[in-house]
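Visitor: Work out the full structure: start from the sequences and follow the hints.
Chains as they are written, first to last, in the numbering used here: chain A, 1 to 482; chain B, 1 to 227.
Please note that the accuracy of each hint is not assured.
What the hints assert, rightly or not - Calculated cross-link-like contacts (lysine-lysine; reagent style DSSO-like; alpha-carbon spacing at most 27 Å):
id : chain 1 : residue 1 : chain 2 : residue 2
1  : A       : K311      : A       : K332
2  : A       : K390      : B       : K161
3  : A       : K390      : B       : K220
4  : A       : K171      : A       : K159
5  : A       : K387      : B       : K220
6  : B       : K122      : A       : K6
7  : B       : K163      : A       : K390
8  : A       : K388      : B       : K220
9  : B       : K220      : A       : K480
10 : A       : K388      : B       : K78
11 : B       : K227      : A       : K388
12 : A       : K475      : B       : K14
13 : B       : K7        : A       : K480
14 : A       : K6        : B       : K14
I should point out that these hints are in silico values taken from the structure, not numbers from a laboratory.
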Amino acid sequence: MNEYIKLAWRNIWRNRRRTMITSASIFFAIFFSIILHSFQTGAWSNFLDNLVSNYSGHMQIQNKDYFKNQTINFSMPYTNELHETLNTIDEITSFSPVIQCGGLASSGEISKIGIVFGVDLNDEISNAYVDSCLINIFISEQVVNELKNRNIPNELIEKINNLNKKYYKNKDDLKLNLKLAEEEMSFLDLIAETAFLKSEFISKKDNGVNIGFELAKYLELEIGDSIIILGQGYHGATAAGKYRIKGLLKFPAFEFNNSVIYMPIKTAQILQSAYVVSGNLQDTTFLVNYVRINTNNPASLDKRSESRTLKIKDKVEKLIANKELDVVYWQKINPEMTQLAGSKQGSSKIISFMLYLIIGFGIFGTVLMMIAERKREFGIMIAIGMKKGKLAIIVILEMILLSLLGIVSGSIATLPIVLIGHYFPLKYSGGAAEMLENLNVEATVPFQNVDFYYLEQAFTVLFIVALVIIYPVIKIIRTKVI
Amino acid sequence: MDIITVKNLHKIYKEAEIEVHAVRGIDLSFKQGEFSAIVGPSGSGKTTFLNLLGGLDTASEGEILIDGTDMEALRGSKLIDFRMKNIGFVFQAYNLIPVLTAKENVEFIMHLQGTSKAERTKRSTELLTAVGLGERLNSRPGKLSGGQQQRVAVARALASKPKFILADEPTANLDSESTANLLNIMERLNKEENITFIFSTHDARVVKKARRIITLEDGKILKDEVK
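Guide: Listed below in structure tokens is the structure:
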């Protein structure tokens, strides 16, 4: 075989320029395909993982019937044993029980459908995000009037007036919406102080809640006011409670602002009678809708990520060993998101396919020329004793070596870009950055790290070569000696 | 003892609707150690006859027996194997593999035969030295003159230890000195090692050296003279 490889290697350099052009076409196809894949998959996987880990979690432990009937009646007990078991699983990076339900929120004569979220106050990561959504600035009529008396230029007062009755999370949020000129920047602190609204995050100590600011506006409620929640609890029990508003929340999604009510998980469990008392009160087991789990295997478009997810799922299922419970993973929980991500990935595959189609024709052209030039030589080689099969092997080796030149050099050339892009990701700026941060998504575009997809690209080119090579092989088999 | 026996050999080519009768009923035999030339004007059927002898083309009618084996009964890989083991070829245009050195060109056929590396090296060096190219073992064909390339082709033809060598116009592209050189080498190999050479040629210098001259005309034997 060594002799054949040597011969094939020397043959590809018989026409140096043609070899360079053909391998350069493979080089560029591999280069752009890998960069495109790495960029798209990396950016989407990052976006996906941020959304998944912040909202649904990578996995959920649920009552086996909860997925089809997502009500409190199909809740599950959240026991100390379960808590301890989850703590022992290395792949789990965080977990928190979740309770949520619909209810009628009302104040005086006004009422509106709201969604109650029971928040595990130990889940620092999720709480940090909710905390960052608290509103601390409110431009009211009174604020505008007060600022008029503080020697603020009329144009700026006009700008502030345009934001009348608007809520902002913090000074940065206000600054972005006020669109201050350079000379007006000095008034920002004064405006923020005057319009300060003291929103506080919920705590175990009191009976307070945080609600979406649009809901508060609709119900004509302010911080410190009480909100009544009425709904149906566990197994038909009446869920009714009165809670003090500790803070207003502003999320990127309007629907959230219009309906969300956050309260400590215990408060939500009591509101819904989501507990089972067996014997005496000390033996009370509290129920949750599900337990949200994040793992060390990020949500990704990479197929191998799904197989790792399944392994972790199996492990969790085995360890919790409860036939009444199911472990569902993010692809099943968020089918639309999975589908959307898949379609985005499909677009990059189409571009890659087109690149490869072009190089496929390039390689085919090279093969045609090579065969035409060496028709006589092939005949002579067969005449002196070379079998057609061995001759075909040499030509196949030539094409493989030619392709490997492009594949290896193209892959190596992408390494610095992919590694830098992965470890020092590009950052979004301006409106895009703000939008992503509001969604609690990192405003970065990391490239997907060097992974199995490099081999995928290599095999794709080799597959094309395998198709293209059929022609010369047929030609060789049909070669006549004279 | 005859190593080649040709009986009533015909070759008819069909080009479009026209039939060309290139070889018309040749009966002939060659003995071991002959140094024969096939001569005749262009179109007389010399090259066709040589191609048929070498198994490079198939006869329309007749029989070619090489050491008792009917060439017409062999096809595909069997024919390729038979050719490799029994027949050496020297072509007018040398037809060496351009990416291999002189030594590698000679070794190549032995590699196909499965000869060991040590044996290949020994024999290729011996053969190239025998044809006067002991100093040019590692030169590629492009770096050799026409005469030198043809000598490499002779060494390559001998590498597989064939029963006979067919040389189609081997001196057509060579100058007088190279021709004389090449003919001397082939004559020496013929005399010293009893290797059978069959040439097709127009070259009077080759005819002068040959001990048997077969003249073809219109695909038939016109004369068969032994000097």
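Visitor: Hints first: check each against the structure and report whether it holds.
Guide: Going through the hints against the structure:
Of the supplied pair hints, the one linking K311 of chain A and K332 of chain A holds, its CA atoms being roughly 15 Å apart against a limit of 27 Å. Only pairs whose Cα atoms come within 27 Å are accepted, and K390 of chain A paired with K161 of chain B is accepted, the gap being roughly 22 Å. A threshold of 27 Å between alpha carbons decides the hint, and for K390 of chain A with K220 of chain B the separation of about 38 Å lies outside it, so the pair is violated. The suggested pairing of K171 of chain A with K159 of chain A holds, with an alpha-carbon distance near 15 Å, which does not exceed 27 Å.
Taken as a hint, the K387 of chain A and K220 of chain B pair is broken in the structure, with Cα atoms around 33 Å apart against an allowance of 27 Å. For the hint linking K122 of chain B to K6 of chain A, the alpha-carbon distance of about 20 Å falls within 27 Å, and the restraint holds. Annotation: proposed proximity of K163 of chain B to K390 of chain A holds, straight-line Cα distance about 24 Å (limit 27 Å). Taken as a hint, the K388 of chain A and K220 of chain B pair is broken in the structure, with Cα atoms around 34 Å apart against an allowance of 27 Å.
Between K220 of chain B and K480 of chain A the CA atoms are separated by roughly 26 Å; this keeps the pair inside 27 Å, and the hint holds. Simply put, K388 of chain A and K78 of chain B have alpha-carbon atoms about 12 Å apart, close enough for the 27 Å limit, and the pair holds. Restraint check: the Cα-Cα separation between K227 of chain B and K388 of chain A comes to about 42 Å, which exceeds 27 Å; the hinted pair is violated. The straight-line distance between the Cα atoms of K475 of chain A and K14 of chain B is roughly 22 Å, inside the 27 Å bound, and the hint therefore holds.
With a CA separation close to 25 Å, the supplied pair K7 of chain B and K480 of chain A stays within the 27 Å bound. Restraint check: the Cα-Cα separation between K6 of chain A and K14 of chain B comes to about 41 Å, which exceeds 27 Å; the hinted pair is violated.
Against the hints set out earlier in the document, violations occur for numbers 3, 5, 8, 11 and 14.
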